[in-house]
Amino acid sequence: MKNKDFGALVIVPVLSIIVSFLIGCIIIAALGASPADAMRYLWKGAFGNVRNLGTTFSRSTPLIFTTLCACFAYRCGVFNLGGEGQFIIGSILACYIATKSPLTGVPAILLCAVAGAAGGGLWAAIAGLLKVYRGQNEMIITIMLNYVATLLMGVVYTNWLRDGSVPQTVAVPDQTRLPSFLGLRATIAFPVAIIAGIVIFYFLFYTSPGFQLRAVGLNMTAAKVNGFNVKRYLLMSFVVSGAIAGLGGALELLGTQLRLINGFGAGYGFDGVAMALIASLHPLAGILVAIFFAALRVGSTTMQTATGVPTSVSDIIQALVIVFTVAGMAMVKLPEFKSRFARKARMEA
Amino acid sequence: MGSFMANLILASVRMASPLIFLSLAELYSQRAGLVNIGIEGIAAIGSLTGFLISLITGNPFLGVLAGALAGIAVNMIFAYATISLCAEQIVYGMAINIFAPALAAFIYRVYFGSGSELVQAGLMGTLKSMLGIKSNNFLVNLFLDQTPMVYLAYILIILTAIYFTRTKSGLNYKAVGEYPKAAATLGINVIGIKYLSCVICGALAGIGGAYLTTCYSKTYVDGNVAGRGFIALAAVIFGRWSSAGVLIACLFFGFCDALQIRLQLVNNTLPYQFFQMIPYVATIVVLALIGAKKAGPKSSGQPYRKEER
Amino acid sequence: MNRKLIAMVVTGAMIASMAPTFTAHADDTRTVAMICDSSISDGGWGMACYNAMIDAAEKTGWETMYSDSIAQSAYYDTIVSYCDLDVDMIYAPGNQYTDAVLQAAEEYPDIAFALLNGGADTPEKAVNGNVSSLLPNATQIGWIAGALAGLMSESGTIAFIGGMELDTTLAKYAGYGEAAAFVAEENGKTISVLDPVYSGDFSASDKGLEFAKAMMDQGADVFFGDASAVDSGARQAIDEANEANGAIKVYDIAQPADLLGQNDCVIGSQVTDNSVLIELSMKAVEEGTFGGETLYGTLQNGVLSAGELNKDVVPEDVQAKYAEYIQQMVDGTFMGGAAETEAE
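The listed protein sequences correspond, in order, to chains A, B and C. When you read off a place in the first sequence, starting at 1, and then add 86, the result is the number in this note's numbering. When you read off a place in the second sequence, starting at 1, and then add 136, the result is the number in this note's numbering. When you read off a place in the third sequence, starting at 1, and then add 841, the result is the number in this note's numbering.
To be clear, the hints were calculated from the coordinates, so they are not data collected in a lab. There's no promise every hint is true.
Unchecked claim - Here are the simulated lysine-lysine pairs, BS3-like style, with alpha carbons at most 27 Å apart:
#, chain 1, residue 1, chain 2, residue 2
1, C, Lys966, C, Lys1152
2, C, Lys1162, C, Lys1030
3, C, Lys1162, C, Lys1090
4, A, Lys419, B, Lys434
5, C, Lys1162, C, Lys900
6, C, Lys1090, B, Lys270
7, B, Lys317, A, Lys419
8, C, Lys1090, C, Lys1152
9, C, Lys1152, C, Lys1030
10, A, Lys310, B, Lys434
11, B, Lys317, B, Lys304
12, A, Lys310, B, Lys317
13, C, Lys966, A, Lys186
14, C, Lys1152, C, Lys1162
15, B, Lys434, B, Lys317
16, B, Lys310, B, Lys434
17, C, Lys1090, B, Lys264
18, C, Lys1030, C, Lys1090
19, B, Lys434, A, Lys317
20, B, Lys304, B, Lys434
Turn these sequences into a full structure, and let the hints steer you where they fit.
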């Protein structure tokens, strides 16, 4: 049973990817370009040389954080669609500390990371409190908070921390920037993201609170009956998932972007949700999926510049992967449903 | 000041209109137990299709029709996945939100190639212009200077209210969203109604999107739905799943948006982004204040499986 | 479901076949590549910058490539992938690309980077000296529009819609206001400019529409903007208001290309011909002298100019007066020879 599940969880995404790429190739051919060329440049752009590989890792880092954010929340049955807002709040706090505090170097980096995580966690806690104590729909609240965070960032880069003539914040000072990872373009934020994934994996699957959190996510009523403090777990899942995203925002700022500017963090939250779902909410699989999507994005840039095939083809491929995988996952679960339901009914009885 | 108020009201109505279509789309979906957060994406496709067809045929009404059809087509993906495959609805709505705008952007990009001219399509005329009325009286502008789509929106609000409260078919429809199993034992075709709800939802969301390019703005830009689909989601909850409530919610959001634009003009000391936050913060505050009395359809968001007896 | 999707894709593909085929560039000629975060068909900034590159390339025989609508996180990646294709020059129209350009310029010392609207101090920040700033004079841009606004406004209230709070935008707004006030006073009128509003982006045409309606409610009858697609929304609102009044009473001054005729309300345009600056950069590349300098675009060197006036709306005496003011600006005697502030 377990093995069969596992097989489906790997086979479905892989098949979806193949089908999506085939469709992508048809589109490319219809555009009058050579699919083989396009695919070659796609590959070359993402993995073709050491620098491109570094770029892929670098682009995947924020995605890994938002993917983990979504994984964690959904494991507890919480639809946190606010990864983007939490990511941005984390980066805003990090930006303040990096540019305004007297600290530099490692202490500043550590403080930025802690503050970013705290900021993201608190931002998510707004939605968490409203859900737990006012019974509000967390999806809407988190989406609205995304808009508010983006606009707040706008105030920061056009007013409060503006860098002279340009609507962007001053850059993070050299000493406070994250060191490069193995000399690649990626910074140590990349291994940190992977370690975060491993920690979350361990927490969810090998600790008692992690088990209880998942139990709340699987069946809230049953968890309540079993005496779990459901409210506490719900709140915790908001705060921790927000903190993961906030940490990601802080590290993205210190490692790659170095300043807040229009468009920072845009779309990462929803991307994370989609990637978490493709990974079946498994944190380690989520890391792989995030790297895969980053590779598609980095590669598609090269594909467009070299062959003229627009990057929107790659967007379509990415979207198709999501559409097929999610549908496919649901489909493989269908025939098993009866037995599963019977089991659940027995549990509830 | 009188004219300030008058123009504020006109702007509120103008900005509420696309929201009404999108909110009704969500209402019909949720009433059948399907939470569809993908209407943002469906509206994007509707907006592009409406624009293209209106541009090609020169007829905005055909544009709206095409927008509705495109909306239905995209929403059928959602329908099949969530109804027949029992995929998680929120998750699939997300997938649609990523897929549909990407498709819209791609089609626009390919259709117009590397041409760098601004493409503008004609807009639907207002009743006032069709009747040739010249008056600029506030009431004339409020009631007559509207496109036929605006009247359609309000007619749909009334029809929806009647349908859900006064007709047998409407009660059956609601039963699907409340107690699908009980509804099935009463001989109601639960699956059929769920698919029907997706057709209605897709059509209305597509129209809502097409409204933006056939009645509102002459140009299409990627991302022109600009979160209206999500606001509509909030409007349905705010409006407590009733069509009158949804109307009030939409007008409220329209008002917030119209107000923030005017506040930006009057006040120049606060950064403008704070004013742009108003509609979103107002949503959060209002939702927090009204709290959640479980007014929503009880089976909303849950998959329905025939075997589940 | 797969079948349904494939059907959709095929439909897309059929539409696609109408579009021109995409081709990679040949290696024997020089190539310039443009990156842009907005669309090149936005009827504003993106379009003007793209056309400028095409015009310059036609004169110099260069090949062109471009990527538009790229996300902020992909600026650097896109530039670098062009660099890997051995293009000769990267053309980045906007100061938001400064960081990405400087970083890429450091890694690719043999490639020329032309940054439009970059800072005046940006070239000296490039360690390899391979970055040039192309800077149209924002104050003069404001003047060109402001003089016409001052002549044409009857209500005495004029408006400005900005995209983002760039310093160039602020300088345009300031120049617009001072020129309008000066010209109005000389002609026995007083002018006040509404506070600038910002859409926060360059694509939301519906915001432009709502801004323009709200500003017309406040009595504004001449509009100038700096917000690409947002401006086109404003023009639509102005056209609607004029139609309701049965006469063109509210005017719009377009930029940065000559957009006379695009909308009825456009009475004239402030034209920025960046192709001159790009062409200068291309020549410099060919001669091996490129880099490290700031090329200013002014009325004097022909980068800036006033576009055609709408002869049906602008009275003949006003046309003559306007031409006179523009001449004064070229001669440096406008507003009593007020010091030309070099705006970035």
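Hints and how they fare:
| no. | hint | in the structure |
| --- | --- | --- |
| 1 | Lys966(C) / Lys1152(C) | violated (47 Å) |
| 2 | Lys1162(C) / Lys1030(C) | holds (15 Å) |
| 3 | Lys1162(C) / Lys1090(C) | holds (20 Å) |
| 4 | Lys419(A) / Lys434(B) | holds (24 Å) |
| 5 | Lys1162(C) / Lys900(C) | violated (34 Å) |
| 6 | Lys1090(C) / Lys270(B) | holds (16 Å) |
| 7 | Lys317(B) / Lys419(A) | holds (21 Å) |
| 8 | Lys1090(C) / Lys1152(C) | holds (14 Å) |
| 9 | Lys1152(C) / Lys1030(C) | holds (22 Å) |
| 10 | Lys310(A) / Lys434(B) | holds (19 Å) |
| 11 | Lys317(B) / Lys304(B) | holds (18 Å) |
| 12 | Lys310(A) / Lys317(B) | holds (25 Å) |
| 13 | Lys966(C) / Lys186(A) | holds (23 Å) |
| 14 | Lys1152(C) / Lys1162(C) | holds (14 Å) |
| 15 | Lys434(B) / Lys317(B) | holds (12 Å) |
| 16 | Lys310(B) / Lys434(B) | holds (10 Å) |
| 17 | Lys1090(C) / Lys264(B) | holds (20 Å) |
| 18 | Lys1030(C) / Lys1090(C) | holds (17 Å) |
| 19 | Lys434(B) / Lys317(A) | holds (21 Å) |
| 20 | Lys304(B) / Lys434(B) | holds (19 Å) |
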